[in-house]
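K.L.:
Please model the entire structure based on the sequences and the hints provided.
Letter by letter, the chains look like this.
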Amino acid sequence: MPDPSDLAAVWLTLRLATVTTLILMVVGTPIAWWLARTPSRWKGPVGAVVALPIVLPPTVLGFYLLLLLGPNGVIGQFTQWAGIGLLPFTFWGLVVASVFYSLPFVVQPIQNAFEAIGDRPLEAAATLRASRLDAFFTVAVPLAKPGFMTAAVLGFAHTVGEFGVVLMIGGNIPEKTRVVSVQIYDHVEALEYANAHWLAALMVVFSFLVLLALYTLNPTGKRK
Amino acid sequence: MSIEARFRLERAGFALDVDLVLPGHGVTAIFGHSGSGKTTLLRCIAGLERAPGTLTVKSQPWQDASFFMPVHQRPLGYVFQEASLFPHLTAQRNLEYGMKRVPATERRVAMDQAIALLGIGHLLDRLPDQLSGGERQRVAIARALLTSPKLLLMDEPLAALDLARKNEILPYLEHLHDELEIPVLYVSHAPDEVARLADHIVVMEGGRAVAQGALTETLARVDLPIRLGEDAGVVLDGRIAERDGNWHLARVEFDGGSLWVRDTGHALDHHVRVRILARDVSVALEPQHDSSILNCLPAEVAEIAADAHPALALVKLKLGKSAVVARLTHRSACGLDLKPGLPVYAQIKAVALIG
Chain A
71 MPDPSDLAAV
81 WLTLRLATVT
91 TLILMVVGTP
101 IAWWLARTPS
111 RWKGPVGAVV
121 ALPIVLPPTV
131 LGFYLLLLLG
141 PNGVIGQFTQ
151 WAGIGLLPFT
161 FWGLVVASVF
171 YSLPFVVQPI
181 QNAFEAIGDR
191 PLEAAATLRA
201 SRLDAFFTVA
211 VPLAKPGFMT
221 AAVLGFAHTV
231 GEFGVVLMIG
241 GNIPEKTRVV
251 SVQIYDHVEA
261 LEYANAHWLA
271 ALMVVFSFLV
281 LLALYTLNPT
291 GKRK
Chain B
351 MSIEARFRLE
361 RAGFALDVDL
371 VLPGHGVTAI
381 FGHSGSGKTT
391 LLRCIAGLER
401 APGTLTVKSQ
411 PWQDASFFMP
421 VHQRPLGYVF
431 QEASLFPHLT
441 AQRNLEYGMK
451 RVPATERRVA
461 MDQAIALLGI
471 GHLLDRLPDQ
481 LSGGERQRVA
491 IARALLTSPK
501 LLLMDEPLAA
511 LDLARKNEIL
521 PYLEHLHDEL
531 EIPVLYVSHA
541 PDEVARLADH
551 IVVMEGGRAV
561 AQGALTETLA
571 RVDLPIRLGE
581 DAGVVLDGRI
591 AERDGNWHLA
601 RVEFDGGSLW
611 VRDTGHALDH
621 HVRVRILARD
631 VSVALEPQHD
641 SSILNCLPAE
651 VAEIAADAHP
661 ALALVKLKLG
671 KSAVVARLTH
681 RSACGLDLKP
691 GLPVYAQIKA
701 VALIG
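Protein sequences, first through last, are from chains A and B. Here our numbering is used: the first residue of the first sequence is 71, the next is one more, and so on. Here our numbering is used: the first residue of the second sequence is 351, the next is one more, and so on.
Keep in mind that the hints were calculated from the coordinates and are not lab data. Glycine included, every Cβ here is placed at the ideal spot set by N, Cα and C. If a hint is listed, it holds; no wrong ones were tucked in.
What follows is a set of in silico ranges between Cβ atoms, one per label pair, in the way DEER data are often shown:
1) A:116 to B:462: 46 to 52 Å
2) A:96 to B:446: 26 to 32 Å
3) B:475 to A:268: 48 to 54 Å
4) B:442 to A:140: 57 to 63 Å
5) B:442 to A:203: 23 to 29 Å
6) B:457 to A:273: 53 to 59 Å
7) A:287 to B:446: 27 to 33 Å
8) A:203 to B:462: 30 to 36 Å
9) A:97 to B:471: 41 to 47 Å
10) A:212 to B:411: 31 to 37 Å
11) B:460 to A:277: 53 to 59 Å
12) A:116 to B:418: 26 to 32 Å
P.N.:
Here it is, written out as structure tokens:
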């Protein structure tokens with residue numbers, strides 16, 4: 071049976087994933103749009119930077135984020151100056167880390183969807199008196215809807231599944247930074263296999279449902 | 351009230367270099383082979399392509415050295431080769447998309463009018479992928495019209511359609527021409543569309559305009575024969591003046607004479623257009639009474655020019671204010687001693703009624 075600390079970990083994980091996903095949709099969409107449409111020679115380097123978390127070990131990412139957010143890091147000095155204090159070992163520290171960690175999983179599906187639209191619908195919108203911003207919201211976004219769904223689901227799921235970055239940046243503070251994946255690790259370390267099972271099974275079911283949702287929302291081959 | 355366009359655009363392996371004054375009324379065909387720059391010219395006029403140059407539409411500057419009006423601020427309608435309807439919107443919502451972005455005071459084409467003109471009333475609730483190619487293109491044309499454009503740009507709107515769909519849309523385009531006073535620039539490489547729809551023509555070749563003018567006059571030029579398709583020929587505008595039920599013939603009266611054609615059911619006074627190919631016209635010095643040729647009209651030799659083959663000559667014949675072109679051998683032209691000003695008879699073997 072789950073004990074209260076398990077439930078706290080589940081709740082924390084859901085809050086973290088939700089907040090991260092919301093931020094990522096707002097931050098990732100303009101990046102995806104730029105990457106999809108720019109003729110700039112910076113497209114390659116920027117795309118590569120965005121994709122880095124896919125290949126980097128989470129500990130590497132976490133290490134550098136810890137330095138950046140720490141008392142001597144650029145962001146850390148800024149947050150101290152701004153009176154927010156230091157972010158590592160706080161919920162918002164986890165959010166910042168998760169945003170970087172899950173960024174490619176949100177940017178890439180949206181970018182692919184924008185690229186698939188092509189120029190023509192936007193040209194048609196322009197000849198129908200729609201400004202660029204107008205066409206973006208009334209043509210590009212609705213046509214890229216499947217991409218947005220995929221991005222949201224992947225961003226959320228990927229944040230739920232992170233472990234290494236959380237440990238590096240958040241440590242293991244109950245109800246503050248102890249998410250499900252870390253909680254499972256703790257249970258196993260303490261040989262509390264029953265508790266570990268309960269949470270692990272929950273993660274399996276959750277992951278399956280996410281993927282099921284993804285494939286149901288986005289049946290490949292049906293869209294033209 | 352004309353359209354003045356001057357563009358110069360260098361691309362790898364292609365250069366557009368035009369300086370055009372196009373009429374601000376009627377249908378102007380921009381005619382040429384693929385790669386001649388006609389679509390690029392149209393995209394430059396729309397502002398979809400940014401080429402250095404100047405563009406003034408009905409005394410309103412759209413582009414000059416220091417100013418470039420964004421596409422969405424230009425009062426134009428654009429019909430693409432593929433309908434390019436928004437796939438997430440129904441036909442009705444597609445039609446409304448442009449219309450609701452035009453201030454109500456500037457709307458001159460009503461929704462009902464556009465729907466009736468293109469015959470799409472029964473399609474409004476459907477999504478684009480539930481429409482046939484021809485239906486989609488009709489919705490796209492109506493959608494463009496509903497922005498009440500001051501200039502309608504059409505980029506080979508029928509090229510992606512098969513012949514049946516094409517014939518389904520052509521009458522709608524003719525209605526458009528007759529009912530709305532919107533100047534149209536119509537890019538096409540299809541001779542039949544140009545012959546049927548255009549009032550003016552710009553002939554593009556290698557990024558330049560090699561000829562332009564009223565369609566009937568430009569086609570009658572023999573110094574620079576513009577071939578719509580395989581053969582030189584002219585187009586004449588006329589009206590049905592008489593119908594002979596006995597022989598199923600109709601008499602088409604044009605400025606300079608009249609021609610008997612097969613009666614295709616058009617009512618009296620109906621405006622029609624006929625096409626006469628140079629190979630179907632021969633020249634005689636006397637009226638021929640013992641001939642099977644129905645149409646034999648008094649004319650006057652205006653100009654004689656060499657045709658592509660050294661044996662052949664193109665002879666422009668004036669019939670009142672109109673003209674036809676005849677293709678003869680140089681030997682015949684010499685035998686008849688044809689020279690400008692000589693009164694002759696044009697024998698016209700075949701006349702095609704093209705709507």
